[in-house]
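> Chains as they are written, first to last, in my numbering: chain A, 1 to 437; chain B, 1 to 271.
Hints were generated in silico from the structure; no laboratory data involved. All values derive from a computational prediction rather than experimental measurement. Among these hints, one or two may not hold up.
[Said to hold, decoys possible] Cut-off 25 Å, straight-line C-alpha distance, at most; resulting in silico cross-link-like pairs (SDA-like, lysine to any residue):
1) B/Lys192 - A/Gln55
2) B/Lys224 - A/Trp399
3) A/Lys412 - B/Lys192
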Amino acid sequence: MKFSRLIIQILLVIAVITSIVLSFFIWTNTARYQRGRNIDVTSTQSNKNEVPINQVISATSVIWHDGQDQKLIYNSNDNIALSIQKIMQDWKIDSPKLVSKKDGAYYQKVIQSRDVIQLVYPTSVSTSILGYLLNNNSLRNDKSYSFNRILINLKDKKDNNIYLANDSNYAVYKAPVRNATSKPISKLIKKSNINLKIRLNIMKHGVFTFYTEPIKLKSYSYVVSSKDDGEYTTALFDSNTNGLVTSEDNGVYTYNYGESKRLVSDHNSGKLSFEDYTDTSVPKTQLAFLQRGYQKVVNLQNSISNLRLYSSNWKEKNLVFREYVEGFPIFKKSEFGSIKIKFSRKGSTEHFLNKVLEVPVPSDQASTKLKSTSDIFKGLEKSGYSPNDVQDIEVGYQWESEADNEKVVDLKPTYYIKIENHWKPYSDWANETAEDE
Amino acid sequence: MDFRRIEAIFLIVFFSLDIFLFLSFRNSQQLVSSSSTNTSTVTEMRKRNISFGTLDTKNGSAYYLGSQPDNSLAQNVNKLRNQEVQYDETSRKLTSSLNSTIAVTTGDRQKVMDKFIKKDSNVLFGSDYKYAPQLSTTSQMVYVGTSKLGEIYDKTCQLTFTIESGRVVSYTQTHVKSMIILHESQTIKSEKEVITNLYANSEIPNNSRISYANLAYTKLLVAKNSTIYIPVWFVTIRNKDSKVSSIKKVNAFTGNIIKNSANGDNGYNAQ
Chain A
1 MKFSRLIIQI LLVIAVITSI VLSFFIWTNT ARYQRGRNID VTSTQSNKNE VPINQVISAT
61 SVIWHDGQDQ KLIYNSNDNI ALSIQKIMQD WKIDSPKLVS KKDGAYYQKV IQSRDVIQLV
121 YPTSVSTSIL GYLLNNNSLR NDKSYSFNRI LINLKDKKDN NIYLANDSNY AVYKAPVRNA
181 TSKPISKLIK KSNINLKIRL NIMKHGVFTF YTEPIKLKSY SYVVSSKDDG EYTTALFDSN
241 TNGLVTSEDN GVYTYNYGES KRLVSDHNSG KLSFEDYTDT SVPKTQLAFL QRGYQKVVNL
301 QNSISNLRLY SSNWKEKNLV FREYVEGFPI FKKSEFGSIK IKFSRKGSTE HFLNKVLEVP
361 VPSDQASTKL KSTSDIFKGL EKSGYSPNDV QDIEVGYQWE SEADNEKVVD LKPTYYIKIE
421 NHWKPYSDWA NETAEDE
Chain B
1 MDFRRIEAIF LIVFFSLDIF LFLSFRNSQQ LVSSSSTNTS TVTEMRKRNI SFGTLDTKNG
61 SAYYLGSQPD NSLAQNVNKL RNQEVQYDET SRKLTSSLNS TIAVTTGDRQ KVMDKFIKKD
121 SNVLFGSDYK YAPQLSTTSQ MVYVGTSKLG EIYDKTCQLT FTIESGRVVS YTQTHVKSMI
181 ILHESQTIKS EKEVITNLYA NSEIPNNSRI SYANLAYTKL LVAKNSTIYI PVWFVTIRNK
241 DSKVSSIKKV NAFTGNIIKN SANGDNGYNA Q
């Protein structure tokens, strides 16, 4: 009698202990469990020879303050921003906290601080996106903040933080970092082979990068690739091309797939647009917004290693991607960069260009010397545009196709200026060249 | 309700909880293992009697390289001694027949020729080349060009000796003086990715051996008078029955298999 009771009690104790042990395993295993699911998703992507999402969404310029001057740095053999991103994947970054907001004077001081390297994104991203790109689950699931600059102090040993800064509201966040050293980053800085003196100025429409001296930039040439309309229709209409209706008008080809999808290809300008009326769900989080945009980009073009996220407008659900060369954006003859994607309840729209940079070839053109940014502003003022009219200014590469060789395109540097919501090269606004004589 | 009853109920409840927890734990484990499909491809290949060493899973990085046409061979041709030399201007290829042929055996030919090319009066820029057994046959010894950035497996930078009845009688040579980096480094496919991809595309027959997997630069195209090189994985597959070797080429940037076109030139397809 008593013996059987003892057995029951022992069994009960064993059962309780087992349940505790098992729950412990499951709890500690969740991270692995989740990661396993992520790998499932990414492995199907890598099979398709794709450029990873953390290359498409990455910082495009790196600014280093060496104690005396602030410089835009670049290494034409090895992308510094991507290398730093890789280093940061091993860091333990804790949840960011607000330091200050809407204080322009403090903000200017922060983004001009000494011994600080900053990674600048062309558009604001959120901390949850950064967490996703760095494979950092705690940052990904924490409360999310928007920012477009990451600042890391390399000399101050007491400051174990990275700072995130947002140009649009002058917000500065502080995130404690563990498990990080500055040595590998200092090494990357030493290897840079492009150093341009700059000054970050706060203007009416945001923070502008001023090149304080005339800058000398190389020209580049690329072999471009393009696809036939048929390749786009198979990719975009889910391979079933039986119910396709085609019409042509003055070189503008329209392909309709029932009432649900339409591709318009303008053979004169090389611009295409695609509308999908079945894609009516609007992304609910910023991360899903970018992930879906990335998937669409991958589906459109084969060679996207030069493509970067250029602007994301969460309110209007707009994404713009642009091709970059050596850290500078390329401006083609379009209003939308390289690819523009819009999500809405009525369906999604994609605007894109047929020609894509593919293989770099040695350029036979000499380097170009551009004027300093303040000289550019002076020139604009002479033509009747005050500094407050300038919504954005950037050094970018102009897409010049060679008359005798359609397959090769030349990229020449110049200043691009956005006034009245239009990006145009400096020569179009000011009637004079941006080159320094 | 007495205390013993409660104990019994608790026992049943906890046991069922244990079973549930155990099952969900097993489930999560299975999910993790299902993601690593690459390992299973490797075991599948072993089952089909395809032998190979351990495959490197590390993704390296490589460049787009460019070279300008150079006449370094033509300029230095008068340094060569004891041979009759012809130089083709268009293909920039030097053809030479040796006045005194060199006796070699299959065993010592690498040693003999390595020594031969070291001397400037025998072969120009000989130290820039390295013997590549996987590209050579019994009647041909192929030396490939080397540079700081890697080896070049291409007809535009190669040294080939012709062997007739045990004697080296002549050679042809092409040379690239310097390579320039055209674009920042890009990640490339790992050895394992390339070989599992070849297998998945039925490019590796059963009962064969992967004897070499080399990463080297090869000519992609000529544009604006410059030659552009890209990194390519050269995988040598030897059939165990017929003892015939074949070389498969895979674009290391994209992972695409490069099919040889009829004229022997690289049929390039970037996708």
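> Holds or violated: are the alpha carbons of A/Lys412 and B/Lys192 at most 25 Å from each other?
40 Å, violated
> For the pair we were handed, B/Lys224 and A/Trp399, check the Cα-Cα distance against 25 Å.
17 Å, holds
> Need the status of pair B/Lys192, A/Gln55: alpha-carbon distance at most 25 Å?
Judged against 25 Å, a Cα distance of about 22 Å means the pair holds.
Of the numbered hints given earlier, the model fails hint 3 alone.
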